[in-house]
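Taking my numbering, the leading residue of the sequence shown gets 1, the next gets one more, and so forth.
Take these hints with a grain of salt, some might be off.
As the list claims (entries may be wrong) - The calculated DSS-like cross-link candidates involving lysine-lysine, where the alpha carbons are at most 30 Å apart (straight line), are: (1) Lys96 x Lys67; (2) Lys71 x Lys135; (3) Lys64 x Lys127; (4) Lys130 x Lys64; (5) Lys135 x Lys96; (6) Lys67 x Lys130; (7) Lys14 x Lys67; (8) Lys64 x Lys14; (9) Lys101 x Lys135; (10) Lys64 x Lys135; (11) Lys101 x Lys130; (12) Lys101 x Lys64; (13) Lys67 x Lys134; (14) Lys67 x Lys135; (15) Lys135 x Lys14; (16) Lys96 x Lys70; (17) Lys101 x Lys70; (18) Lys67 x Lys127; (19) Lys67 x Lys101; (20) Lys14 x Lys130; (21) Lys70 x Lys130; (22) Lys96 x Lys71; (23) Lys96 x Lys64; (24) Lys71 x Lys14; (25) Lys14 x Lys96.
These aren't lab readings, by the way, just hints derived from the structure by calculation.
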Amino acid sequence: MSAFGASIFLFNPKQIYGSSMQIIRNIDRLKEAETSFNLEIIMGSLSDGILRLISLNELSYAQKLVKELKKIELPQYLMFFTLTLTYLQKAIDYMKNSDDKPILTLISEVLDLGCSVQATTYLDMFKYLKAQRKKYNF
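Turn these sequences into a full structure, and let the hints steer you where they fit.
Okay, structure coming up:
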């Protein structure tokens, strides 16, 4: 799983989507076979894949993956992925309609909660998507 996450930028959109869906379909088997630490790696890798799809304007694939990931029951200590999935949904919406207010509001709220590292990460990702959107005239 670490290798998949580390090489996500080498795959084309269909490969990212297909591999991600296979992982999601088999998540219960992976959760049984692995430790919860590996579940964190799985969720992080899949989130990175979604971000990559968004940056390539493959919003349909990204949307389907977000929807499927939201169905996964996570342990309490991994609930921060719920926030990340909310962020990714807002990123998809931004790429579709160029309205940056919802995503910037979320980043501000995360900052208000005292999660400055996460807010900075989200802001950096937003800046990257904004540049991609401008570069490719999405």
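Worksheet item: Failing hints, ascending?
Response: Number 2 only.
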